[in-house]
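Novice: The listed protein sequences derive, respectively, from chains A and B. Residue numbering for the first sequence follows my numbering, starting at 1 and increasing by one per position. Residue numbering for the second sequence follows my numbering, starting at 1 and increasing by one per position.
Treat each hint with caution, since some may be false.
[Said to hold, decoys possible] Reference excerpt, derived from the structure (chain B facing chain A, CB under 7 Å, subset only): (1) ILE8; (2) ARG60; (3) MET61; (4) GLY264; (5) SER297.
Quick caveat, the hints were computed from the structure, so don't treat them as lab data. In this text, a Cβ means the ideal position worked out from N, Cα and C, and glycines have one as well.
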Amino acid sequence: MKVKYLKLDKAEGPLIVMNEVEGAVYDEIVEIQMPSERRMGKVVQIDRDKVIIQVFQGTSGISLNDVSVSFTGKPMEIPLSPEILGRVFSGIAVPIDGAGEIYSSKYYNINGRPMNPVARLYPRNYIQTGISSIDGLITLIRGQKLPIFSGDGLPHNQVAAQIVRQARISDEEAGKFAVVFAAMGIKHDEADYFRKVFEEAGVMDRVVMFMNLADDPVVERIITPRCALTAAEYLAFECDMHVLVIMTDITSYCEALREISSAREEVPSRKGYPGYLYSDLASLYERAGMLKDSKGSITQIPILTMPNDDITHPVPDLTGYITEGQIVLNRSLYQMGIYPPINVLPSLSRLMKDGIGKEYTREDHPDVANQVFSAYSRVQEIRALAQVIGEDELSETDKKYMEFGRQFEERFAKQDFEEDRDIFKTLDLMWELLAILPEQELTRIDPSLVKKYLRK
Amino acid sequence: MANQGKIININGPVVKAVHMEGFMVREMVMVGEKKLIGEVISLEKDLGTIQVYEETSGLRMGEEVHGTGMPLCVKLGPGIIGNIFDGIERPLSKIYDSGQKFIPEGIGLISIDESKKWDVRILAKPGDMLDSGDVFAVVQETSMVDHKIMVPPGIKGRVTEVAESGSYNIRQTLVALENQGKKYELAMYQEWPVRKPRPVARRMPIEKLLVTGQRVIDTFFPLAKGGTAAIPGGFGTGKTITQHQLAKWSDADIIVYIGCGERGNEMTEVLEDFPKLKDPRTGKPLMDRTVLIANTSNMPVAAREASIYTGITIAEYFRDMGYNVAIMADSTSRWAEALREIAGRLEEMPAEEGYPAYLASRLAAFYERAGYVKNLNGTEGSITVIGAVSPAGGDFSEPVTQATKRIVGAFLALDRELAYARHFPSINWLSSYSGYVPMLGGWFKENVAPDMMALRVKMLRILQEENKLMDIVKLVGEDVLPDDQRVILEISRIIKMGYLQQNAYHPQDSYVPLSRQYRMLKVIERLYDRAYSCVKNGIPLSKIKDEKLFSDIIMMKYNASDEKPGLFQELEERIDRYYDGLESVYKEGAANES
Ligand SMILES: Nc1ncnc2c1ncn2[C@@H]1O[C@H](COP(=O)(O)OP(=O)(O)O)[C@@H](O)[C@H]1O
Ligand SMILES: [Mg+2]
């Protein structure tokens, strides 16, 4: 039995306030019927008989009297079945592709629940993306959450698209592969770009899209990734699929959260973002992973744009604290014509250590990656020095590092959008680069590996 | 009849209820139909404010709040070691075994296994006088831990009855005491409120090293048994790996590892790896001395606030048995943020960056529970607390880092630049410090070598000198420096690459005993002394720097092992031979010239 209320006491920004409500349930979904449309909201605070509701579509156009509000008594749930593959939904999981409703007897709470750490399986299998910087130095592991830290105008979409196209899943598992795409506040042309990429890659029938675009209601954005992740959990853990989740743009998501928080007059922490931003982001990112008694996996590639390219901004900062590494794109590399403009130094894959080496990629991978990192970081110091004293004045060894740096960027980092390099090609390239340096500089590599792999 | 309140306000993890007159502040309560666990944080007239340790989504206005008459407690007894609990000591493996891959709400208050039988050896005899803390029975809990069953604090008396040694579960009475007409029945477990430190006889001075096998820590910024340390660092600088290394290799008897608001996979990793890793001292699986507390970042924040108290209370309990306990909290910043979030929901007046004004005092009270002590039962035990700190934006001037820095004895500052260059552990040797150095001098002298501390100082000086020289090098390059300064740069390079850097994933390098640390330092010292005196004799640096010798010294960490004890001596001999040769050539040259 649903109780209907016919009067609001306040409507402002994303919130409505109602008095004299009985028995409201925290986090329950409410339906708001207006003369010509229906909106949805959820209860975000209850104080005696006063209830604060966050309206997903915002309050613009709502009048205090001409509405009826009914309480469902339940948090938001969405119906899921294997039919969702190939479908397109709005940011709150309403089908928008004209192909009808999803019929299922099973409804899933979009908030999910924390995975029991005992139930988790530690991810150890690498995914070959065909991109050297990633495979060689920031290896992606199945079940990992590895975001792309980007900036306005940088090619994060292309990098994500290239990963989707090239990510190699062994043949016997190819049929078990799915992509869940969550758009939050991105532009139409970006969404179209992804759709085109999926089509060209011939995977459209394995993609589920949840679309909240730039001109869609801002508050819906809070719901979008939760719907997407609930779908991903369903596909991974009930249908045994390997699911790649792309969520973009996390920065828009956080801005929506900030907007609601400030409407609720909460005490802000840094840059006006709410104090619970960390926990909130964790409730999304931690939904990646694998389970012991399930064959599927959820790999997340969230994309965020760093305001002012500032990695210490709360959105990238808190993200980096939760995710299992980050792929950092860099403007000056991009301006030098290097695609993908991945700056490997601040980038990191925390799960790589367990998914590379002898049993996974090749025995030399850990050491050689370590060495390339430290050499390239040395390049940065030497470049700074060369700026002051001139390259000619550098010592012989330093000059070799300069050459290493150039070739690293031109031959290793730089790669065509269409170019798919396998892991051995990538590792061999790394050795070729290291061959530029005097051998005694290779202090991070086991001498026996140097002997075996270093060909001058 | 138990007390009963009625919910009138719900705001995330904070719930308010009326009719709460009969409740106590800090009382544990059951909230709503699902019986979510909560804790009363304040009372005003009939209004009570409660923080709820489980997800409140789905909680309804007007549902009831039931009292338990007890503060938030943990059960202490056999079954803790080797286990993993949530922030309020609910057993996650047991929850998993009951079919829960995802953690539901309303699972109630369960804790250590009450039905499991343990082999108990009873030590007490009828007529014995037992005091608080006295051990009356022992259970071998794991291959590494003898669990001593103690008389709970506040209880004492004459033994009237004892059970036979044999197999019991933790609820069965083992010993009965009588004191002035009062009778006590003691079983294998006791309960203790987490927010209250367990009593000790007295504190003792700190004078023993907590050996970690991590060169930069043991040699340069040593930790002490009973001391405190903070590991601050931005994301990806190595806090967790450092904490894991300490949990694996430090020479504590018991490890309590709290994953406080961090990644689920990091707990899973420990669960998968520790049973396979062997303790270097006993050869037993490391899990056999470890207990995990997990409140991952997506678990309820109120339980995050409680998790560090649960952890430290467990640590105190094992300390009371006479053990050296090390407790790691990764990360205390998440705990502080939980505090902030709850304070925010309570509309408390925020101080700096939204944190409540009592942040510093709460942090201090937590670290204060560390210490080297004489226990009530006369044994000695210790708790070493090592907290990771995750400063927003990697900026150490933020409130949690600053408040922590004022309290802790050792500060291991992780450095983003070093991490980017993959110099791990990225502990910055200029900004880190250990206040325990003066207290540990005697220990090093006795247990390592008389000149260990002198070596330490000598190496640190070289590094500090290098730092000054680098300011010049950055401006004009290395070539313009005189050779006696360039030798400092070369030796620093060796210290940094060959000694400070330590690869946690390299089987040979992950753990390095102190004896080997000392030998490595001696080799570097020999190289420095000989090279320096050659420079002073006018021999050019290009001759002094023998590439092969230098790189072999950098690589000695990978080649040294207990099977090859001769390596260091070989290196020293090579150094001597090389520089003897060099000097004699130059002496001849000089003699010929004159
Ligand atoms: N001692 C070490 N040896 C080798 N690699 C390390 C070491 N410490 C840190 N790392 C590297 O740094 C990464 C981040 O470390 P982590 O401890 O997870 O950082 P934090 O907890 O500070 O975010 C690890 O995944 C690993 O690649
Ligand atoms: Mg960490």
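Novice: Hint by hint, say whether it matches the structure.
Specialist: Results for each hint:
no.	hint	verdict
1	ILE8	holds, 5 Å
2	ARG60	holds, 5 Å
3	MET61	holds, 5 Å
4	GLY264	holds, 5 Å
5	SER297	holds, 3 Å
The structure agrees with every numbered hint stated previously.
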